[in-house]
Structures are given as C-alpha cells and as structure tokens.
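Number of protein chains: 2
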Amino acid sequence: MIMMQTPLLLSSFVKRAEQYFPEKLIISRTSEDVIHRIPYREFAKRTRKLADALTKLGMRHGTKVGTFAWNHHRHLEAYFGVPSTGAVLHMVNIRLSPEHIAYVINHAEDEILLVDDNLFPHLAQLAPMLKTVKHYVIMGDSKEIPETSLPNVHAYEALLDEASDTFEFPEDLDENTPAGMCYTSATTGNPKGVVYTHRGIVLHSYALGLSDAMGIRERDVAMPLVPMFHVNAWGIPFASVFFGTTQVLAGPGFDPAVILDLIEKEEVTISAGVPTIWLAVLKELEANRRDVSSLRAIVCGGSAAPKGLIRAFEEKYKVPFIIGYGLTETSPLVSLSVLTSKMEDVSMDERIDIRALQGIPIAGLEVQIVNENGAVPWDGETMGELTVKGPWIASEYYKDDRTADAFRDGWLYTGDIAVMTEDGYIKLTDRTADLIKSGGEWISSVDLENALMTHEAVFEAAVIAIPHEKWQERPLACVVLHEGQAANDEMKEALKNSLKEQFASWWLPEDIVFMDELPKTSVGKFLKRALRDQLDSYFKVT
Amino acid sequence: MIMMQTPLLLSSFVKRAEQYFPEKLIISRTSEDVIHRIPYREFAKRTRKLADALTKLGMRHGTKVGTFAWNHHRHLEAYFGVPSTGAVLHMVNIRLSPEHIAYVINHAEDEILLVDDNLFPHLAQLAPMLKTVKHYVIMGDSKEIPETSLPNVHAYEALLDEASDTFEFPEDLDENTPAGMCYTSATTGNPKGVVYTHRGIVLHSYALGLSDAMGIRERDVAMPLVPMFHVNAWGIPFASVFFGTTQVLAGPGFDPAVILDLIEKEEVTISAGVPTIWLAVLKELEANRRDVSSLRAIVCGGSAAPKGLIRAFEEKYKVPFIIGYGLTETSPLVSLSVLTSKMEDVSMDERIDIRALQGIPIAGLEVQIVNENGAVPWDGETMGELTVKGPWIASEYYKDDRTADAFRDGWLYTGDIAVMTEDGYIKLTDRTADLIKSGGEWISSVDLENALMTHEAVFEAAVIAIPHEKWQERPLACVVLHEGQAANDEMKEALKNSLKEQFASWWLPEDIVFMDELPKTSVGKFLKRALRDQLDSYFKVT
Chain U
21 MIMMQTPLLL SSFVKRAEQY FPEKLIISRT SEDVIHRIPY REFAKRTRKL
71 ADALTKLGMR HGTKVGTFAW NHHRHLEAYF GVPSTGAVLH MVNIRLSPEH
121 IAYVINHAED EILLVDDNLF PHLAQLAPML KTVKHYVIMG DSKEIPETSL
171 PNVHAYEALL DEASDTFEFP EDLDENTPAG MCYTSATTGN PKGVVYTHRG
221 IVLHSYALGL SDAMGIRERD VAMPLVPMFH VNAWGIPFAS VFFGTTQVLA
271 GPGFDPAVIL DLIEKEEVTI SAGVPTIWLA VLKELEANRR DVSSLRAIVC
321 GGSAAPKGLI RAFEEKYKVP FIIGYGLTET SPLVSLSVLT SKMEDVSMDE
371 RIDIRALQGI PIAGLEVQIV NENGAVPWDG ETMGELTVKG PWIASEYYKD
421 DRTADAFRDG WLYTGDIAVM TEDGYIKLTD RTADLIKSGG EWISSVDLEN
471 ALMTHEAVFE AAVIAIPHEK WQERPLACVV LHEGQAANDE MKEALKNSLK
521 EQFASWWLPE DIVFMDELPK TSVGKFLKRA LRDQLDSYFK VT
Chain S
21 MIMMQTPLLL SSFVKRAEQY FPEKLIISRT SEDVIHRIPY REFAKRTRKL
71 ADALTKLGMR HGTKVGTFAW NHHRHLEAYF GVPSTGAVLH MVNIRLSPEH
121 IAYVINHAED EILLVDDNLF PHLAQLAPML KTVKHYVIMG DSKEIPETSL
171 PNVHAYEALL DEASDTFEFP EDLDENTPAG MCYTSATTGN PKGVVYTHRG
221 IVLHSYALGL SDAMGIRERD VAMPLVPMFH VNAWGIPFAS VFFGTTQVLA
271 GPGFDPAVIL DLIEKEEVTI SAGVPTIWLA VLKELEANRR DVSSLRAIVC
321 GGSAAPKGLI RAFEEKYKVP FIIGYGLTET SPLVSLSVLT SKMEDVSMDE
371 RIDIRALQGI PIAGLEVQIV NENGAVPWDG ETMGELTVKG PWIASEYYKD
421 DRTADAFRDG WLYTGDIAVM TEDGYIKLTD RTADLIKSGG EWISSVDLEN
471 ALMTHEAVFE AAVIAIPHEK WQERPLACVV LHEGQAANDE MKEALKNSLK
521 EQFASWWLPE DIVFMDELPK TSVGKFLKRA LRDQLDSYFK VT
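Here the protein sequences come in this chain order: U and S. Quick note: the first sequence uses my numbering, first residue 21, plus one each step. Quick note: the second sequence uses my numbering, first residue 21, plus one each step.
If we strip away everything but chain U, and leave its shape as in the complex, we get (with noise of 0.2 Å):
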C-alpha cells in the first residue's frame, strides 16, 4: 500500500480530545438540580473503564450493548466505551411504545443495558419481555443499586470505579465494523433498523466541521437538543469529541426555561433540535427575555419548520436559523439550508425563503429526486422522490426485509416527496405516505401547513389527505391556535382566506378543524397516521 491505511475509528476522537483539549468541558445535566463538568481528559478515563467494565461483564467484538437514557455525560462515555472495543452501541427510543422497545431490543439482541435511573421502572417493567439482556447498568450518581427483582443489575458508577482507566482500545479495527445503530419507526409494523460504522461516523463527524456545513470547531459549545438515542443526535456529540468542542448535555426532562438558561449560562454558540422544540423556545424567549447572544446558529430539522420561527430567529435575535434535512439511514446530515456567496445580499425576505429549505447537499453526499421520468428538472416546480447516495448513508435495514423497498441501484430511497430549486437546494413537499393526490394531481401538504403558520393566529398546523369520491384524496387542515385565539367560523374564513391569495383554488383545504394538540412522533414530528385515524370518520366519503 502506497498510502498508509490507518483506519477511521472513533477511540482516535478519544485520544485526540484527550491529548490536545484535556481541560474543556463536558457540561452534563444529570437531573433538575445537578450539572456535572466533566474535562475531556476525565471524560477519556471513564471512557476506558466502561470498556473495561463492560469487557468485564462478557462485552466482546460484535456484542450488542443498548442504552436507554437522556442526554448526558455517562450516554456520551457509552458512545465511545462501547464502539471502540469493536461492540456495537444500540441506542434505544425510550419513547417508543413499550411494545416496540421490547421488539428493538429483541431484534437486535442487545446482551447489556445500560440504563438511566430515572428511566429504570419504566423499562424493569418491560423486562420479562426481553430474550437476550444478562446484564443492566444503571446510569445515575449512585453507586448503589435501586430495589429490584431483577438479577445482574448493577451501579455504572461502582463499576466504574473497580475498572481500570489504562484499557486500551485496539488500534487495527475494521473501518466498517459495526459502531452504533437506531431504529427508526416505520409507517406500518416495527421499527427498522439501521447499523453505523466506524467509517461512516468518522466521515460524518468532517463533514459536521466542514465551514460550508455546521462547522463544528474547538471554540464552539455545542448543545445537541435532540436526544442522543435519535440518530447520534444528529452525530454533534461524535464530532464535539473530535474537535475538542465544549458541549452541553441537556439531560432529562428540560422544558424551554431550562433550555434558554443553558444558552445564557454557559455561552452556547450552536443549537440543534426539532421546530417542536424551537417554537417552545420562542414562545418563553419572547415571554421572559434572556441573552441569546453567544448563539451563532440553531440548526432544526425533522420536520418543517415555519417561516415566522425562522424569521423571528433572524431578524429579531440575529440567530442564523438553519434548516437540515436528513434521516436515520443518512446519519443523518444530507443537506442545510447555508447561504452560499451569492445569496449573502439577498432582503431579509429571500433569505428567510431560502433558510426555509432544506438546503444542498453536504459536500460527499449525492442527492437526486427521481420522478418515472428519472431525475426531475431544477425547475422549483417537479415533483419527485428524494434519494440519496454516500459513506454515511446505511445500505440495508439490520436483518429485515424491507430493506428491498429502500435501497435500489445504490441509492437509499427516502419516501420524502421534493422538488429542486433552480440552485439545487431540495424543497420537500411531503412524505410518499402523506402526499395528497387530488384528481391526479399532487398537492403539497407541507406548503399549506407552512401558509398557515405564518398566519399571526396560527401556533401548528398539519394537512392531511381524506378520502373523497370525487377527488381520490382531499386536503384537510387541523390547526392549533396561540393562547387566546378564538377558534371560531370567523378564525376560519380568516384562514381560509390567507390561503386563497396564495394557492390554487383547488389546493384549498376542504375543512380546518381547531385542535389543542397535534399528535406528535416520539422525536416531536407531526403524527398525521394517528390524525388521519382520528378524522377519518369526521371526513366521511361523500
């Protein structure tokens, strides 16, 4: 070999963030009145001695090891202590339906689980069901071990300290070797799951650091909101580790106040979470005021997000408020809605326009959206299936078969419906299963949801499609008003009319129906299965 063939393995983040950046901190909120501060050279001892703990309980290239756990300090130990020996880090929803986490631990036959206390009496409950688990670990300040029934339970922070700190990783790992994997819920049946390499975070955590991308760098403090058991949270803790980046673990139960106090407190400079997460913020941002300053992008992604959340983030914080897009299988970083040179002096309008994107590729990555015509025209205007092609991009879902629907040709296809902006910068309309097909022709649920919100009463609101006779599938919108708003015929022609300046006639919504709440996904996406199962019998086919 000409060149050498060091392989991409995560222990080398460890060893990196050890050696040059010792003394910056993990910032980790264990519960509502603890906040550890944990130096990464403290941080690569533990992280040594949770491989030396777990090798200890039977852990050995290839064995499954779950989590079940909020963001903090001991999860990030895990994301590390576990891959390094050449085992495999399966973080597990715990919002899923108890059911469905029976079924991902199952499925992928996790042998130890480590398990946060707060969380433990949820899961000792689902214990019978699991077929493969021998051991539990619980994750909290204690060294010992809550009452339970259960055998081989034991303390993370008295194994810790019976283990040694000088375990050393194996340097001649595979690049490929399994590292972490997800499951991501499926539109029917159980989640899917999806395996991550060594090779393929590694690529992920450049990109991550790429200036044309979030940039991630040694003087950012980085606070992932998006939980670490959903894709990697977005892969932000792997790649704080790699550039020795300061980074806030948000732990259980933050609401907004939290969230804002971290910001203030601990000089935050980048964000990540869901519109979910960022309108709740908003909403106590602009009740009791803090210092956002320190700010110099919130990235948001997982579902649309409003323009009037991305403006009010601009124009009135100063805050960049990028739009990503990607998914369990993608790692997930595909795309962000950057400004590229020649957007930098566009109105305050286009910007947020273009900020309301999903933006381009990444660079490494190929996206296409494919209609039966084959690759659709950047025409803004052309409807088609995303797909998307690269290192970190996974080729199959872990032993199920649906895998054969996803991946075709080399090229993962998404089931998200987008058309491509002149600049190639992806607009997603809707999901294959959401897409509402009204007379042979596609209407876009996501763009009238987007026009709605931007309405000053409107606080959420999804479009879903209803079955009609004459039509095949009708938009219907179900809408949340903000506190105060009166939900009444006159709300409702006022929507209404918002929407006619703005859309075809036929691309208006049959009905609005008022909600308190929208049905949300586990990871704050609207739930339009659970919607259109509550509607259905209100839109009868007529």
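Think of the hints as simulated: they come from the structure by calculation, not from any bench. It cannot be assumed that every hint is accurate.
[As the list claims (entries may be wrong)] DSSO-like mimics (lysine-lysine), calculated; alpha carbons at most 27 Å apart, straight line:
#1 S:Lys512 - S:Lys457
#2 U:Lys35 - S:Lys362
#3 U:Lys409 - U:Lys545
#4 S:Lys490 - S:Lys512
#5 U:Lys336 - U:Lys545
#6 U:Lys409 - S:Lys35
#7 U:Lys362 - U:Lys457
#8 S:Lys285 - U:Lys362
#9 S:Lys457 - S:Lys520
#10 U:Lys362 - S:Lys35
#11 U:Lys338 - S:Lys362
#12 U:Lys35 - S:Lys409
#13 U:Lys151 - U:Lys419
#14 U:Lys285 - S:Lys362
#15 U:Lys490 - U:Lys520
#16 U:Lys362 - S:Lys338
#17 S:Lys516 - S:Lys327
#18 S:Lys516 - S:Lys540
#19 U:Lys338 - S:Lys338
#20 S:Lys285 - S:Lys336
Position chain S against the provided structure of chain U, taking the given hints into account.
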C-alpha cells in the same frame, strides 16, 4: 455491507462543483497579460474533454501522465481529468536540475507529458534522455504546436476541440487507486517519489475544509502561491473544487506586485506560500500600499517564518498569519498554528509566539516526537524526531529502497527535530541533517535563525554546522542584511550582542558571515547543504 461503500473519489468533486457552483470562477493567469475566467461548469466540461482526449492518446488505468507547468486552469483540469479515469498524474517539479527532471520522468515512467508552452523549450532539450514518453501535449492559449523536431507533439486546446464533453468517469474505482505523485528532494541522491491515492486526497480535502483548520469554504477566494507541482499546491486546488470555492491561479513568473494586485482586485480571502514569498510581498506592500483587507488568513509553511513577518501581517495588516507544517510525504497538511479558545485573549506578543509554532495536528492525524527514550514529554524542551501517522500520510517511497529509512512501525519519520509545547504544539528546531551537535549537546539552528531575523537590520539568516576539533560542530551564521544596511564589524558586533541576551554562550555562533543572498531549494527553503559546501573552506577545522 451495512453502510454504502461509496468510494472516496476525485471525480465526485468535479460533479459537485459543476452541479452546485456552475458559475463560480477559476481565475487563471496564463501569462503576463492574459487572465482567463473559467466557470466551474466550463471547467467540468473541459476536464471531461481532457480525459477523453488523453484516453484517445492511449491513457489507461494506471498510466502515468506528467505535468510540467505553472499554476493555471489547464493544470487544474489535469488534476482531475487524469486521476478521475484511473490514471495517475505526476506533477514534475520544474525547478529540479535537468538530470533530476529526466530521472523523475523516467522513474515514474510517464507516457504522456503536459507541458506549458513557455516551458516547452526547456523540456524539449531533455527529450533525448526521456525513455518512456510517447506524447507531448503543449498547454497554452494557441491551438498551433510550436516548431519542434519531436514527434507526437499536440496542442492542448486543439485536442480539447476534438474531444467529447460527455466522457464519463468510472464510479467504481477503488478509493485506494493512485491519483497523483510528486517527488521530493533528498539530502543525497535522486529525488524520492510519493504517490497519493484518491482516498488520501479526499480525506485531506475534508481536513482543509474544517473550521479548525484552513476552513476553506464556498465563499472563499483561495489563491495558492505554492506551485501546483509542489505537493498538490498543499491540496488547496483539490479542496477548492470540492467546496465550490473561487480560486486564483497565479500562473508563471508572478512577482510580489502581481500577487498584491491579484489579492486586491480579486478580493482574495486566503492565500498560502513559503516565507520567502511572504517576505517579498511584505516588502512590496510596505513600499506600495494595497488594500489587503479581503484576506481572512495567510497560511505559511515550508520553512521557519521570522516573527517580524508574522507580526507585520497580524498587527499592522490585521491578517491572521498561520504557520503550517507538512511534507511531500504528508499530502502535506500535518499541523497549523491555529489559536484554541484558551488562547483567544492572549497579548499580541504571546499570539505571535504561538503563531510562530508549527501548531497542533489536524483532526485525523497522530503526531509523536520521539527520541531514544520513546515519545518525549510535552515540556517545550526535550528534542526528538517528529513522527506522523494517518490516512493521508504516505507509507512508502515509490519503487525506492530508501523507504525503510523513513517509514518504520507504521510511522513516518520526518527527519525534522522538534519539541512539543505543554499544549501539544509542535515547535521545529531543526532538520536531523542540520542539527548542530556541540560538545555532545544539541543547538537549534532554527532558534538562532529566528532570533537573528527579528533584528531590524536582518533580511534573512541561516545557521549551519561547521566542523570543530574540540566541540565536533559549532554554529556559523550566514546573514543577508536589508538594503542600505552596512555589512561591517559594528553590525557583526550588534548582532552578536543581541543574541547574547537570548542564548547561553555556547549557543552563540562562532562567526557571522554577510552574504548577498542565501542559496535556496526549488521551493524556497534554505539550501544548507550548498551553504556548507560554500563555507566549508572558510571555517577550517582548527
């Protein structure tokens, strides 16, 4: 495989630039009065045409294609058009001696040579010595070939006229396929060849795009002043295509005035070159002020930079002046003297002290300084040889039995002597070959040089070892004074006195020799070997 095995290939850079940044420019100065402005859309077409044209001339997978050229758009087209087909681009250093030029072309077995029109007369003289070259392609604006008795001479632009711009690059190349090669001068004997792979260059390009490294990004205007025949112009042309960055290629015979005109006119944001160039640019800038406020960073490497140079740019012109370290064997970026967050508030003097170091390793590499006791402590004092490991570091010299000297136990032994500061910043003290061993102790020639070059009268200084009967070796200083400074005994005394304040008496040079200029290598480094040859007789063993 669980993640896509998308290979890391250079052809993806071309595709990306063409798709997302079709109007961004390559600004290419091909002669004193011609500047081309080529959009990436056109560059991509021409790159495919070049691949098609060379394939028609017989280029196949693994064929070596040489370039003998300055920095310009045609050279950049070769950077991508050749390797993207699976062939290998050999960038011949035009400043080598005729014998060495013939040696490297024969040793690499170049079959096609792409030669600048203004360099062709020089190369044609060597043609009888070249054993493997079948075709010469003349790069210039003319479609006519120059008068020559050589067979198989073609005009680049005429070949492109006949070629197809729909040539398709293979997508299934192995990422470890050789892409490029450069030769590096050896202390004795013929130059040594280093081969770069697609994987190595792609990972190096990600590294250049990191916020914590050069942070090359779409909105930059990058001007590499280091030649494209010297370690890929430090990889900047590759990274610029990847990120859609505007690039300025300064062509043949640029002088400091041309450089400053380009910076001012094209609003260059980042530029890179050796200290000699920046010293000359500074001199011109002081004489004829230009607007250099567009610059966000200057990267300087290749040899030690005087602190006065760093200070002038940092303090007077407010341009961050970042020292880089690297070698032909390292693609080349190993480390950069970037400031970490804890250094943000240091004084200007401390800032310049940090900038003058070789910096911390780029994310993805490992660096150790080793002596006979293993890795040296990070104490800023203990000297050892700098060793490097990582995915863009060569693991051998091309078909050369000197490989065993430099590549051992998975590490590259650089031949550079260095110490590590407490923060893990590399500080070069010498080349193994230049180190002065006086009475069993090591004296750093670089420290003495830097001290001399901070004196206001001194333009350049080199310190070499001279044999000495009692002390084995002693330092001798060779000094070039600024214009108008008198090279007399008073000056000698003044310089000696200034050194006395900073160094132990046994470090002080035995003598100071004033010279009109210092001999330099083809890439602007002091040629200490030549200095020693020149002065060996001056300083007899006594």
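Hints, verified against the model:
no.: 1; hint: S:Lys512 - S:Lys457; result: holds (24 Å)
no.: 2; hint: U:Lys35 - S:Lys362; result: holds (20 Å)
no.: 3; hint: U:Lys409 - U:Lys545; result: holds (24 Å)
no.: 4; hint: S:Lys490 - S:Lys512; result: holds (24 Å)
no.: 5; hint: U:Lys336 - U:Lys545; result: holds (26 Å)
no.: 6; hint: U:Lys409 - S:Lys35; result: holds (14 Å)
no.: 7; hint: U:Lys362 - U:Lys457; result: violated (36 Å)
no.: 8; hint: S:Lys285 - U:Lys362; result: holds (18 Å)
no.: 9; hint: S:Lys457 - S:Lys520; result: holds (19 Å)
no.: 10; hint: U:Lys362 - S:Lys35; result: holds (20 Å)
no.: 11; hint: U:Lys338 - S:Lys362; result: holds (26 Å)
no.: 12; hint: U:Lys35 - S:Lys409; result: holds (14 Å)
no.: 13; hint: U:Lys151 - U:Lys419; result: holds (17 Å)
no.: 14; hint: U:Lys285 - S:Lys362; result: holds (18 Å)
no.: 15; hint: U:Lys490 - U:Lys520; result: holds (22 Å)
no.: 16; hint: U:Lys362 - S:Lys338; result: holds (26 Å)
no.: 17; hint: S:Lys516 - S:Lys327; result: holds (19 Å)
no.: 18; hint: S:Lys516 - S:Lys540; result: holds (24 Å)
no.: 19; hint: U:Lys338 - S:Lys338; result: holds (26 Å)
no.: 20; hint: S:Lys285 - S:Lys336; result: holds (21 Å)
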